[in-house]
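Engineer: In case you want the letters, here they are:
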Amino acid sequence: MKCAWKDLLSILPAWMRLPVDKVGRESCQEVRLRLGIPPEIVMYGKHVWLDRQVTRDDLNQCINSASRYSPWNSTTAGQGYLTASGGHRIGICGEGIIKNGILTGFREVRSLCIRVARDYPGIAGELSGKMQSVLIIGAPGWGKTTLLRDLIRGLSNLDQHIAVVDERGELFPSGPAFSPGKCSDVLCGCSKREGIEVLLRTMGPDWIAVDEITAGEDCEALLKAAYCGVKLAATAHAGSLDDFKKRPVYRPLVESGLFHHVMVLRQDKSWTLERMGK
Amino acid sequence: MNFKWIGAIMVIVGCGGFGFSLAAAHRREEATLQQLIFALDYMECELQYRLTPLPDLCRAAAGEQRGCVRDVLLCLSRELDAQISPDAERCMQAALSSVEDIPKHTRGALADMGKTLGRFDLSGQLKGLEQVRASCRAELESLRSNREPQLRSYQTLGLCAGAALTILLV
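As given, the protein sequences belong to chains Y and P, one line each in that order. Its first residue numbered 19, the first sequence is counted upward by one per residue in the working numbering. Its first residue numbered -10, the second sequence is counted upward by one per residue in the working numbering.
I should point out that these hints are in silico values taken from the structure, not numbers from a laboratory. Please read these numbers as outputs of a predicted model, since none were measured by experiment. Any given hint might turn out to be false.
[Claimed, not checked] Distance condition first, Cα-Cα at most 20 Å in a straight line; then the derived EDC-like pairs of lysine to aspartate or glutamate:
| hint | chain 1 | residue 1 | chain 2 | residue 2 |
| --- | --- | --- | --- | --- |
| 1 | Y | K263 | Y | E273 |
| 2 | P | K104 | P | D70 |
| 3 | Y | K200 | Y | E230 |
| 4 | Y | K287 | Y | E126 |
| 5 | Y | K24 | P | D70 |
| 6 | Y | K263 | Y | E215 |
| 7 | P | K104 | Y | E273 |
| 8 | Y | K117 | P | D70 |
| 9 | P | K104 | Y | E230 |
| 10 | P | K104 | Y | D224 |
[Unchecked claim] Negatives, chain Y to chain P, calculated, CB over 12 Å:
| hint | residue |
| --- | --- |
| 11 | A32 |
| 12 | L77 |
| 13 | C111 |
Even glycine gets a Cβ: it sits at the ideal position worked out from N, Cα and C.
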């Protein structure tokens, strides 16, 4: 297991670093900070509460550390999250600022959920260069991104040119923590729709990989790429294959038969390969 | 008799030196304000073009400067990298307290700059830097107006005060 643990510690307030470090990289899953309440460290099946209350300065420090004190560099904060160095995702909650009906930022941040990013090389198992487009589905926190990362690395090491749109910088954050393999090209910080078009035009990929397709426009961009003869690897939120098929936003993907196979994740982070069907 | 002359010379040199040092401080203030304006210009261009994160921005701007402005920007980038302070303003305060010998107006301008750093989106940040630069320019302008007569008067007053003190004491 690989984890940019020092990066995680560095975004926490100084007084929290030692107790979180004691919990250790193996067991720590999330750190949850809520204003006026002691920090909660979530481990596999266990919770630990530290004995000091979280202050506004603590929350500010986390956000500023994650964005490197540069709000202009963290446009995703308006969507309720930030990706810190090392790929750790910080979910933001509080009093939102709404402009034209859209959340654009936070007037006051009241809680943060810091999810520890991990890499498990080899979890995607044996891969073949003749493999067809593949979709990974699972509920939040079940390891979709981790599995996709390993899948990308595996295909890349089979000399498949795989271009990745890493919109949130979570798949392959800058730094040596997570290797994308020898034939990967990673486009960071760009929307999936725009990124797929750029990669199709410029990188001549065999595969295009994207994490978390959530919008209709993402599905359209994937279909467009598939019709250009590129194979796809993607992840989507769904508890099961039936749930996935029921969601209207994914209907074009199901009906087009774009993905023959689906890797369905379970809560224990194991997965099974299932046929998509219609 | 000799002691009187030596004492008189020491008083004149001391007072004259004080006048000259005031003139030198004036020149130094001008030079550092000018450096700060250059640094702000650089930061603005870099931000507009590359959206550089603050610690890298300060380090890059420091590379283009020298003297105390360079030292403060380097210290600030180290403080930001250490990720110990909750906001950039406190990082700037820590940087200013660790660099000595910063001229008064430059220190004030740097502290004002610290208040704007990392608080707003790109356009807000650029406006903040522009505001600090405008105040630096105004300060520089006022230092430069009547510069030569003012510097001469510091030096002359120092020497004259020394001479007057000598006459009174002798």
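Engineer: Checking one constraint from the list: CA of P:K104 to CA of Y:D224, max 20 Å. Satisfied?
Structural biologist: Violated, at roughly 49 Å.
Engineer: Take the C-alpha atoms of P:K104 and Y:E273, compute the straight-line distance between them, and say whether it is at most 20 Å.
Structural biologist: 55 Å, violated
Engineer: Y:L77 clear of chain P by more than 12 Å, beta carbon to beta carbon?
Structural biologist: Incorrect as stated: the minimum Cβ-Cβ distance to chain P is 9 Å, not above 12 Å.
Engineer: Measure nothing beyond the straight line between the CA atoms of P:K104 and Y:E230; if it is 20 Å or shorter, mark the hint as holding.
Structural biologist: 38 Å, violated
Engineer: Take the C-alpha atoms of P:K104 and P:D70, compute the straight-line distance between them, and say whether it is at most 20 Å.
Structural biologist: Since the Cα atoms of P:K104 and P:D70 sit roughly 18 Å apart, the hinted pair holds (cutoff 20 Å).
Engineer: Would you mind confirming whether the straight-line C-alpha gap from Y:K287 to Y:E126 stays at or under 20 Å?
Structural biologist: 35 Å, violated
Engineer: Y:K117 and P:D70 were given as a pair; does the straight-line alpha-carbon distance stay at or below 20 Å?
Structural biologist: Not satisfied, since the Cα-Cα distance of roughly 33 Å exceeds 20 Å.
Engineer: Need the status of pair Y:K263, Y:E215: alpha-carbon distance at most 20 Å?
Structural biologist: Measuring from Cα to Cα gives roughly 26 Å; hence the hint is violated.
Engineer: With a cut-off of 20 Å on the C-alpha distance, tell me whether Y:K200 and Y:E230 pass.
Structural biologist: Violated, at roughly 23 Å.
Engineer: With d taken as the least Cβ-Cβ distance between Y:C111 and chain P, does d exceed 12 Å?
Structural biologist: 18 Å, holds
Engineer: Could you let me know if the closest chain P CB is still more than 12 Å away from the CB of Y:A32?
Structural biologist: At about 6 Å from chain P, Y:A32 fails to clear the 12 Å cut-off, so the statement is violated.
Engineer: Hint check: Y:K263 vs Y:E273, CA-CA at most 20 Å. Holds or violated?
Structural biologist: 9 Å, holds
Against the hints set out earlier in the document, violations occur for numbers 3, 4, 6, 7, 8, 9, 10, 11, 12.
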